[in-house]
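Top to bottom, those sequences are chains B and E. Heads up: the first sequence at position 87 corresponds to 118 in our numbering, and the numbers run straight through without jumps. Heads up: the second sequence at position 56 corresponds to 63 in our numbering, and the numbers run straight through without jumps.
Hint data in this document are derived by calculation from the structure and do not stem from the laboratory. One should not assume that every hint holds.
Dumping the calculated SDA-like pairs for lysine to any residue here, alpha-carbon to alpha-carbon at most 20 Å [to be verified]:
#	chain 1	residue 1	chain 2	residue 2
1	B	Lys-121	E	Met-371
2	B	Lys-466	B	Arg-532
3	B	Lys-295	B	Arg-159
4	B	Lys-121	E	Leu-157
5	B	Lys-121	E	Gln-390
6	B	Lys-285	B	Glu-263
7	B	Lys-388	B	Gly-155
8	E	Lys-391	B	Asp-138
9	B	Lys-121	E	Arg-401
10	B	Lys-197	E	Asp-349
11	B	Lys-121	E	Asp-383
12	B	Lys-197	B	Gly-155
13	B	Lys-121	E	Leu-372
14	E	Lys-391	B	Arg-36
15	E	Lys-391	B	Asp-374
16	E	Lys-391	E	Arg-401
17	E	Lys-391	B	Lys-197
18	E	Lys-391	B	Tyr-346
19	B	Lys-289	B	Met-198
20	B	Lys-197	E	Tyr-340
21	B	Lys-388	B	Gly-178
22	B	Lys-388	B	Asp-374
23	B	Lys-121	E	Asp-349
24	E	Lys-391	B	Met-198
25	B	Lys-121	E	Gly-387
26	B	Lys-466	B	Gly-487
27	B	Lys-121	B	Glu-227
28	E	Lys-425	E	Tyr-40
29	B	Lys-197	E	Val-350
30	B	Lys-295	B	Lys-121
Computed from a predicted structure; not experimentally measured.
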Amino acid sequence: MPKDRLTEVLERYEAVIGLEIHTEITASNTKMFCGCPVAFGGEPNTRVCPVCLGLPGALPVPNEAAIEWTVLAGLATECDIALWSQFHRKQYFYPDMPKDYQISQYDLPFCSGGFVDVEVDGDGVGERLDLGGALPFVGPEAVAEDGGYRTRIGITRIHLEEDTGKMVHVGGSEGRIAGATHSLVDFNRAGTPLMELVTEPDIRTPEEARRFAQKLRAIWLALGVSDCNMEEGSMRVDANVSVRLRGSAELGVKSEVKNMNSFKSLHDAIAYEIVRHAEVLDSGGVVVQETRHWDAGAKRTSGLRSKEEAHDYRYFPEPDMVPFTFDPARVAELADRLPELPDARRDRYMADYGLPKRDASLLADDRETGCYFEEAVGLVGDTDARQIANWMLGDLAALLNAEGIAIGQARVTAAMLAELVGLVEDGTISGKQAKEVFAEAARTGDAPGAIVEDRGMRQVSDAGAIEAVVQGVLDAHPDEVATYRGGKTGLLGFFVGQVMREMRGQGNPAVVNEVVRRLLG
Amino acid sequence: MSAIDLSVLTARQVRDGVASGTFSAREVADAAYARIEAVDDDVHAFLELSQDLAYEAADRVDAMRAAGDELPPLAGVPAGIKDNMNLVGTHTTCSSRMLEGYESVYDCTAVRRLIDAGALPIGKCNMDEFAFGSSTENSAFGPTRNPWDLERVPGGSSGGSAACVAAGMTSISLGSDTGGSIRQPGALTGTVALKPTYGRVSRYGVVAFGSSLDQIGPFGKSVDDVALALEAIAGADPMDATSAPEPVGRYTQALDLGAEGLRVGIVRDMLDLEGCAAEVRASVDMAAETFAALGAEVGEVDLPATRHGLAAYYIIGPAEASSNLARFDGIRYGHRVPDAADVIDLYTRSRAEGFGPESIRRIMLGTYALSAGYYDAYYGQAQKARTRIIEDFRAAFERFDVLLTPTTPGVAFHFGEKSDPYTMYLNDVYTIPVNLAGNCAVSVPSGLCSGSGMPIGLQIIADHFAEETLLRAAAAFEEATAFEPVPPLARIPK
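Let's have the full structure, built from the sequences with the hints guiding it.
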């Protein structure tokens, strides 16, 4: 969908967007109500027991660690922590749900009333058309010259529940239920602790939704609560989207979009829905309240079923567990356990190392990246922090991207990068040589110092040695020397290049430059 | 062999006989199965016999004795297990077509503890389907008959567990009590029947009916026997989050403390309920006199909120049951129609065929009570009534150590006599409030009805986790009345 189509629609309509984000607490080694291990995949129905299979007579026993993780997640997103809460049963029949009810939370979630501030800059700024002019008293706050802004997204609640199993439909196309002859069900995932976060409908653009989800992922990663793997489904983002004419106070009919397994899909699916709603309304139709499925290949959403069943979940308090009480001291104790969160880390990188905001954010948003950065800086010294950042956001990022690996799996460790930067700083090798050394280290995992030794790449900075080479070059090119001395000083680079070639790239560029200039002068 | 007459011997006598070498545990098992062979065609207390498990347990006990080891407290004591409790090596059907042929894949904690204490698991006992009923007439596999009169019901839902003890097929048995399902059949069969405090015994492995009400408890021929069994099965269980951490009492040692100084309250307004047989009412007053004669301080108390007990119970119980029984959907186990067109068809027909009429009635009641728009009027109101009942009991236990009521309004009735559900539900009017409040209570035999010759039960109720006081009072009463009910069927072995 062309971007200007979205902009055109947003000129007339305001989008109202809320997100529901399910995150598996992968930090918990065991399931929510039994001792089965939590892991992705595996042979079907091998990580199950009477409890998570819902066998007759089995009872749930709550996983205290998962509850603590949820409280930590709430504390990290400015939520109030309920001092008294309980689980409820959410009842509906579905084959992937062993008990035919899900143990979830209803009116007494562990966390409620929080917020996350997101900052929008770059391309996404253009989607927010109501930012210019007088800002409302409460609303987006301009934070950058380019129109970048910060906006606060309210968090209604975070509650804890158990995940369902997984259905595999056999005989239909692409595993969909339509046309399937039968279905298989795998309960390995059933009972995995699942946090559900619901936002207020405070989001106005697809980009804000994307930034919120990215920010939330960064916070969850900083806490270590989940691996937040959207492709494997450990973080799942659903969006409720409606539009209304600008100036209208009444909310439009919403659709719920599911199956976005990347941040880009989240953005694109919401943009698609906004335009779809607008087109329905423009043509005099009414938006149907329904659940829709995002097809990333076709870049469109489609209704899951023509007739929505109105569910009555018959919530009631889970009688197999006693209610939970937290005393304020315990909440304070958990708050003390909160690690540094991405925004604070970013601000510290900007203040302590003078990094530009964009670089600081990129390093701070991922916990492992931040740890790598800090480890390297710790070895090489604060003054070289910018060099470390440049390497990480340049060559290292490109490498990770090309290999599709996480920073923790990179062959070039933080210690190796620190060593490499040190070799450049003390003049042992040139910046150009450093790129070669990095590439070699990334290929072999050898230490930069060893690579430099093995290849004899040690940079020559001795002016006397360089002078001899320069003199040789000048002697070999009398015509060019005359032309230079005649005023064509642009030939300097030619001489430097010749010298470097003679020195197989090992001449210290600064010294070579200085010597060439002097001998020509 | 002939030395072992389980209709006469108490569990403690069996255990002592095994310990002293008078007979072996294997011989006890032989005696139990011989007795079953003789009388269970008539009584139908058992759905399944577990000889392999029983003889395995007996051999373990005999080997311990041969080795000179100290024997566990229930060594060689034959026990019946209600068929809603899982035990590997047996089926757990809950007397339902829905679970016909369902093999247990893990052990119920209470059953495991009983066996670990040396008991012999003789077999699985008949019950009302999923514990819905008060007569065992709702079993999909045929009713159990009362050993006192085969034309009468043994009560329910734990009718098989009561009958197997009353008829001398086992010394003790385990039942489960959601609204009276242990105490009511205890009263109707002349056995001692204990519902412990909610949380006293783990519920792990008993198929849930009303999760906030269910409690496993023992049947026996004496107060001492149920105290022995309770010591074996009580205590916190990491598999049940509602099991209580309170330390387990020395119940058997509390029994000879007598009733002197005990504060005993007759629940006058419950006694005066319409529909309570005059002779039953009189038996409670006589019991009070007995306590007074033993030196207890006897008084009277009213529990006005308990008049809402039946109504509250028939909202909360079915609401929880409708949810607990959802898992019987034909997907993973249990009855499943072979020719379902789609998943909805599979659910609806499998459940309609698998569940009996009373189960369907309770599921529908509970589903309705929890539905949007009705929740506050039904479930919410019922919880308020429950809170008031809890408060009534709390206030009463500030004044009294134990309370007395009848266990049931009348004696065992004839098959088919209570054909409309409401009349049947009324049979539990005295027992239900105790489940709603979570207290412990025991039914002890208090006499025989002069007309029918059927046993009458006295319900003694105590505060939460006051089982020592409860059983002390029951033992004092038992000793004073010297009433040893032996049903005709037991007296005249075939």
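Hint by hint, here is what the structure shows:
1. Under the criterion of a C-alpha separation no larger than 20 Å, the hint pairing Lys-121 (chain B) with Met-371 (chain E) is consistent with the structure, at around 17 Å.
2. With a C-alpha separation of about 17 Å, the suggested pair Lys-466 (chain B) and Arg-532 (chain B) falls inside the 20 Å cut-off, and the hint holds.
3. Between the alpha carbons of Lys-295 (chain B) and Arg-159 (chain B) the distance comes to roughly 18 Å, so the proposed pair stays at or under 20 Å and holds.
4. Among the hinted pairs, Lys-121 (chain B) with Leu-157 (chain E) is inconsistent with the structure: their alpha-carbon atoms are about 45 Å apart, more than 20 Å.
5. Restraint check: the Cα-Cα separation between Lys-121 (chain B) and Gln-390 (chain E) comes to about 19 Å, which is no more than 20 Å; the hinted pair holds.
6. A C-alpha spacing of about 27 Å is found between Lys-285 (chain B) and Glu-263 (chain B), which places the hinted pair above 20 Å, so the restraint is violated.
7. Under the criterion of a C-alpha separation no larger than 20 Å, the hint pairing Lys-388 (chain B) with Gly-155 (chain B) is consistent with the structure, at around 17 Å.
8. Note on Lys-391 (chain E) and Asp-138 (chain B): the hinted pairing holds, with a Cα-Cα distance of about 18 Å set against a maximum of 20 Å.
9. Between Lys-121 (chain B) and Arg-401 (chain E), the direct Cα distance comes to roughly 33 Å. Violation of the 20 Å bound is thereby established for this hinted pair.
10. Among the hinted pairs, Lys-197 (chain B) with Asp-349 (chain E) is consistent with the structure: their alpha-carbon atoms are about 18 Å apart, no more than 20 Å.
11. Between Lys-121 (chain B) and Asp-383 (chain E) the CA atoms are separated by roughly 17 Å; this keeps the pair inside 20 Å, and the hint holds.
12. At most 20 Å may separate the alpha-carbon atoms for a hinted pair to count; Lys-197 (chain B) and Gly-155 (chain B) exceed this at roughly 35 Å.
13. The suggested pairing of Lys-121 (chain B) with Leu-372 (chain E) holds, with an alpha-carbon distance near 18 Å, which does not exceed 20 Å.
14. For the hint linking Lys-391 (chain E) to Arg-36 (chain B), the alpha-carbon distance of about 57 Å lies beyond 20 Å, and the restraint is violated.
15. This hinted pair does not check out: Lys-391 (chain E) and Asp-374 (chain B) have alpha carbons roughly 48 Å apart, beyond 20 Å.
16. Between Lys-391 (chain E) and Arg-401 (chain E) the alpha-carbon distance is near 15 Å, which keeps this suggested pair within the 20 Å criterion.
17. Between Lys-391 (chain E) and Lys-197 (chain B) the alpha-carbon distance is near 40 Å, which puts this suggested pair outside the 20 Å criterion.
18. This hinted pair checks out: Lys-391 (chain E) and Tyr-346 (chain B) have alpha carbons roughly 18 Å apart, not beyond 20 Å.
19. Between Lys-289 (chain B) and Met-198 (chain B), the direct Cα distance comes to roughly 16 Å. Compliance with the 20 Å bound is thereby established for this hinted pair.
20. With a CA separation close to 18 Å, the supplied pair Lys-197 (chain B) and Tyr-340 (chain E) stays within the 20 Å bound.
21. Between the alpha carbons of Lys-388 (chain B) and Gly-178 (chain B) the distance comes to roughly 15 Å, so the proposed pair stays at or under 20 Å and holds.
22. The straight-line distance between the Cα atoms of Lys-388 (chain B) and Asp-374 (chain B) is roughly 11 Å, inside the 20 Å bound, and the hint therefore holds.
23. A threshold of 20 Å between alpha carbons decides the hint, and for Lys-121 (chain B) with Asp-349 (chain E) the separation of about 23 Å lies outside it, so the pair is violated.
24. Of the pairs offered as hints, the one joining Lys-391 (chain E) and Met-198 (chain B) is violated, with about 41 Å between alpha carbons and a cut-off of 20 Å exceeded.
25. Straight-line distance between C-alpha atoms of Lys-121 (chain B) and Gly-387 (chain E) comes to about 17 Å, which keeps the hinted pair within the 20 Å bound.
26. Straight-line distance between C-alpha atoms of Lys-466 (chain B) and Gly-487 (chain B) comes to about 15 Å, which keeps the hinted pair within the 20 Å bound.
27. For the hint linking Lys-121 (chain B) to Glu-227 (chain B), the alpha-carbon distance of about 14 Å falls within 20 Å, and the restraint holds.
28. Using a Cα cut-off of 20 Å, the hinted pair Lys-425 (chain E) and Tyr-40 (chain E) is violated, with the two alpha carbons roughly 33 Å apart.
29. Of the pairs offered as hints, the one joining Lys-197 (chain B) and Val-350 (chain E) holds, with about 15 Å between alpha carbons and a cut-off of 20 Å not exceeded.
30. Restraint check for Lys-295 (chain B) and Lys-121 (chain B): the C-alpha separation of about 32 Å exceeds 20 Å, so the hint is violated.
This entry does not satisfy hints 4, 6, 9, 12, 14, 15, 17, 23, 24, 28 and 30, going by the numbered hints stated previously.
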